[in-house]
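Trainee: What follows is each chain in one-letter form.
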Amino acid sequence: MNAAPRRDTPLDELDFPLRGDPSARLEAYVNARAAEAEERYRLLYQAEKLASVAQLAAGVAHEMNNPIGFVRSNLTTLGKYLAQVAALKDRLDEAPVAWRDLDLDFVVADAAELIGDCIAGLDRVARIVEDLKGFSNVNRPDEEMADINEGLRAVCAVIESQRPPGVTLSIDAGELPRLLCLPGHLNQAFLNVLKNALQAVGEAGEIHVESRRESEDGVEAIVVRIRDNGVGIYPRDLPKVFDPFYTTRPVGQGTGLGLTVARDIVQVHNGTLALDSAPGRGTLVTIRLPL
Amino acid sequence: MTHRIMLVDDEEGVLSALRRLLRATPCTYGNLNFAVETECFASPEAALVRIAEADFDVIVTDYRMPGMNGVEFLRRAKAIQPSAVRLILSGQADREVVERAFDEVRIYRFVAKPWNDSLLMSAIAEALNHHDLLAEAGRSESAG
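As given, the protein sequences belong to chains A and B, one line each in that order.
Counting along the first sequence from 1, when you hit position 142 you're at 213 in our numbering, and nothing is skipped either side.
Counting along the second sequence from 1, when you hit position 140 you're at 199 in our numbering, and nothing is skipped either side.
It should be emphasised that the hints constitute simulated quantities derived from the structure, not laboratory data.
Remember, it's a predicted structure, so these values are computed and weren't measured experimentally.
Mixed in with the good hints there might be a few duds.
Covered stretches of chain B, going by a simulated chain A footprint (3 or more residues, C-beta under 8 Å) [to be verified]: (1) 104-113; (2) 172-178.
Some residues of chain A that are not near chain B, with every Cβ distance over 12 Å (derived) [to be verified]: (3) P93; (4) E201; (5) P306.
Cβ coordinates follow ideal geometry from the N, Cα and C atoms, glycine included.
The shape of chain A in the complex, shown without the other chains (with noise of 0.2 Å):
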């Protein structure tokens, strides 16, 4: 953060403007003033509420692991005591009247499709608080000078373990400088990204990433482009990407939180998250981080 203005600075090296109307002068030296707090405080306030949402997200996580998991065993249990049930038609001799009019092979059957159903959901919540876990990761601060090419390909081999094989992965890394960040935290960015994309081109397609340094307005940055040939995105659904818990995926294959966490980790970094992508061409992400 640049130091607060010492009382003693002289006012020419606060590039106060000294020529002109005074009053002008002194507005536009306000308005500039006003404009940097409040760029200081929507990044204090970004990593604040990233911080509390994560602390809540965290304590959720853990409450509900309890019941998931007892919830889950005592189905399986259930599901063997049913069995034994189903095993008494065939010890007692008039079972089967009794049995016919209870209608109990339905029942038999029906319920161990029911428990099995039960299990599948449950194992679809365990999953959602899993990637709530990721999400409260963001929490943990452990700044360090990082080779991003080198979170890269550690992420694209996350990824590479669960590529079809009609996919290709490629990665062009430029030469790089070492960024002061929160290397972990950007690698569960890199990796939801390409978790997208490698859900967007499906069985088969190209996800090629990159990553270069350039310069723009001045402005020395990492870009990292992420792109591929996949589904892509409709114009429609565009404004909504961020938007916690927004997905297009069918009912149990995404949580809507990878990019919202993705472009929350970036903005931490002062950086940006920007999205290009048109239905049926595919999606390219650039995710810019100011060196």
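Based on these hints, arrange chain B on the given structure of chain A.
Mentor: Chain B only, in chain A's frame:
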């Protein structure tokens, strides 16, 4: 010989589910089949009182509990019954917690919640086998 397992968790629902699981599922390791009986405790304090009275082969405990966490509980349990093999079953799978559990109280396994029934059962069966091997080694040492 019946093996004795102590279960400690402040959530009654977890204790009931584990009790059912251990009753309904055979506890096997290789070709060994362990007959088990369980005692459940919703508070670590009550469990410590019991540990001073009766022997247990394996202790399975939660981590986050009111009064005392799982590592603290196991530290005291170990002081009373060092031969009981210790496991933690917890939703708090922070690296720091897991490392402390292995370093400070030498737990045998850390199982994450929500648990997978068959993985938990095999962890318990392995712990029982581990307990028996250590007990056997101890006996032959004192005999020799």
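Trainee: Evaluate each hint against the coordinates.
Mentor: Each hint, compared with the structure:
1. Look at the stretch 104-113 of chain B against chain A: 0 of its residues bring a Cβ nearer than 8 Å to a Cβ of that chain, fewer than three, so the hint is violated.
2. Coverage of the stretch 172-178 of chain B by chain A holds in this model, with 4 residues showing a Cβ closer than 8 Å to a Cβ of that chain against a need of three.
3. At the 12 Å boundary, the C-beta of A/P93 stays outside the reach of chain B, the nearest C-beta of that chain being 59 Å off.
4. The beta carbon of A/E201 is not kept farther than 12 Å from every beta carbon of chain B, the shortest such distance being approximately 10 Å.
5. With 12 Å as the threshold on Cβ separation, the claim that A/P306 sits away from chain B holds: the shortest Cβ distance comes to roughly 40 Å.
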